[in-house]
Amino acid sequence: MAAPAIQLKNISKSFGPVQANKNISLSVNVGTIHGIVGENGAGKSTLMSILYGFYKSDSGDIFVGGEKTIIPDSQAAISAGIGMVFQHFKLVENFSVLENVILGAEDGALLKQSLAKARIQLQDLSKEYELDVDPDAIIENMSVGLQQRVEILKALYREANILILDEPTGVLTPSEADHLFRILKNLRDQGKTIILITHKLREIMDATDTVSVMRAGEMTATLETKKTSPEELAELMVGRKVLLNVSKNENKAGDIALEVKNLSITDEKGVLRVKDITFEVREGEILGIAGVAGNGQSELLEALGGFRKAEGSVSIYGHSLNLANPSGQEIRDLSIAHVPEDRQRLGLIMEFTAWENIGFGYQHENEYSNNWGLMNNKKLRSDAAEKMKKFDVRPSDNKLKARSFSGGNQQKLVLAREIERNPDILLIGQPTRGVDIGAIEFIHNEIIKLRDEGKAIVLVSVELDEILSLTDRVSVMFDGNLIGNKLTSETNAMELGLLMGGEAN
Amino acid sequence: MTKLPAWIDILLIPMINLIIALFISALVVLYIGENPIDAMSLMIKGAIGNSYGWGYTLYYATNFIFTGLAVSIAFHARIFNIGGEGQAMLGGLGVALVCLMVPWPHWIISLPVAVIGGALFGAAWAAIPAYLQAKRGSHIVITTIMFNFIASALLVYLLVNVLKVPGSMAPETARFPEGARLPTGHDMLGWLGIKFSKSPPVNISLLVAILSCFAIWFLIWKTKLGYEIRAFGHSESAAKYAGISPVKIIMVTVLISGALAGLMGINSVMGESERLVLDSVQGAGFIGIAVALMGRSHPFGVFLAAILFGILYQGGAELAMWTSIPRELIVVIQALVILLTGALDNMIRMPIERLYFKMVRAGT
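Protein chains in written order, with our numbering: chain S, 207 to 711; chain G, 13 to 376.
Read the hints as simulated data drawn from the structure, not as lab findings.
It cannot be assumed that every hint is accurate.
[As the list claims (entries may be wrong)] With a straight-line Cα cutoff of 27 Å, these simulated BS3-like cross-link-like pairs (lysine-lysine) come out:
hint, chain 1, residue 1, chain 2, residue 2
1, S, 475, G, 236
2, G, 370, S, 228
3, G, 236, S, 585
4, G, 147, S, 607
5, S, 584, G, 207
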């Protein structure tokens, strides 16, 4: 048997007191797609960064094609035939595809020769792997899916035999993701080796040949994909049994709580991000807003949350919001709670302690500050202790800064703060982005509980599975338009996927 | 465990920075041909060896506490107010106007009014850059530094054309009336029966400065406004999410900052010269930046750093008087302290952090 494409032996790496990788051994055969799954902070990214020369491991060896290889920087990784496609693309936006491909791999001081050579190679590669891209297109005019292909082409142009993809489908529509997996299978059939890092179990099951599971810096198992199941993988990731689907009762929709009419939002650059949308949410129902990230959902949530200007009308139980001069205070006074999409940038002050964060946005409330402007820090601390206990935030020490909590626990902090206000309307964006599987189950149950109490909920998510399992009604945002108002029970991933790509009727 | 204990963070690391700065300065002294050990002991003796030295050291420190607090409070909102110099000049003007306008019967009455005058003028001078930053997005670093020049020119104009005593050649106001002169360290300690040198200008403003430290500490960590200022400083986007108005926070913070810088006037104008002279600020506005950096924007840290800079200032004057070491060298030492504590802080911090965590790991 041929030597494995990549073999890691006893790789360890620590950052300060944290051990991110503990004695990791892994072997990936030539011509396979190998998946790596694990929760946030399990050490996947660290391991791949070691492989690509961003970090130096504390101990352990790397073998590429059977030969011991030392990878001090990314240049060495490239010459060893390793290519990496990052979650956030590293492309020059105003360069053409061709220029991006040769960037850093030019053959001399003058570009003409390199460009001509790259053009021919690019044509060959496109033909070989179904990677059609116009070599003269400018990156900023291309869709995200195409941009990702450019990243792959970049790696192939540098003669990569081993391709590492980090969460490649995070920004893709379902059909773009399908196309990506076809490309990857094609590459595999031509003898390339692919390492796919993802947290989506469905992708692992669909696309990989073998899969490794990481938990808390350790490699807990390596399995043949055919012989495992999502449930088994989830259990290996979390270390206990996990319910992947929430169970919920039929909803009883009541009065209209939130009514949005002809809402348009123009952003700071003058671009129209939300185009004349209209919808309503009733008591006791969850309206899902699906869509690929960047189609106006963020702006919509920010406008409803009272910190972005908009035009049109929004009324809360008949009370009209002042959209031209928004106020987060007005929103909170109307009993609207908002769990923002980006908890680290919006929802929390990362340098504040957990107890300071538990009152964030509600510092004006009488329970947290008096009329003289003095904070009631004692009350904040006791509140924090209570809410953190209820939401099982770990560690339970409320004197720790928000920064020191994991993504899932940060999210629980925000949820504890917002849900425990017992709001009439809950706006919630990407409730489980970057959250561990174990915590997802808990968060979903909390949302359902709130709905069953008769609250109106707007849930924005890019995860179709989440939309389908949680919501009662669903609309899709595409290019600022809200399309396809459907009952969740009467639609499916396929139909929504088409709407998300703008390919609908 | 991802954090250093406080004693390493706010005591050990600045100390090491200081020692390195002094060590490099010693090399320079050696190069000039003086004995660095002698120079050092002369400096320390001159600054804190007797009540005369202490008197000057604490006088300088009082200035630096005010300007250091001014920079610190703005830092908490991540605003860089480097207009302390100009705001202190205008604060001095405010204090002088208060003192000259009314024939004050006693300092107990004139001091509180002068405090208000200095704070108001300082705040007013900061208000324009604050407004431009909050509403128009003009960068406050640029506007405040321009306002320093304007303040300086304005003061020259006023002292030469408006406030000068008729017939006098000096560009300065008349001396303040008896009831607007503050008790000095000699007077105050005299009440307690303690002997203190008569000449140094340290005065009751030091107590006002110490009170200000407590007030700012209270404001930052115990009030809603402080909570919002800190939240805004850490993340403007999150502050907006929470319904905190950036315009309000920028305005209020910079006004408080300007008021603190303006308060310096009671020490330098009312307490020391007892009249308004040109250049009463003498760079204290800029030293405030170094004091705030070294004190890590904490009022208590600012207090300690201000004392340290007071020692450097007074010790430096002594050095210049008794040795061939020029006064400029003290500026070199100050610059080294600023460089090491401000710009190169991580150079010392990182290895100490690494060492500390290694020891923690080895210990467990």
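Could you tell me which of the numbered hints above are not met by this structure, giving the numbers in increasing order? 1, 4 and 5
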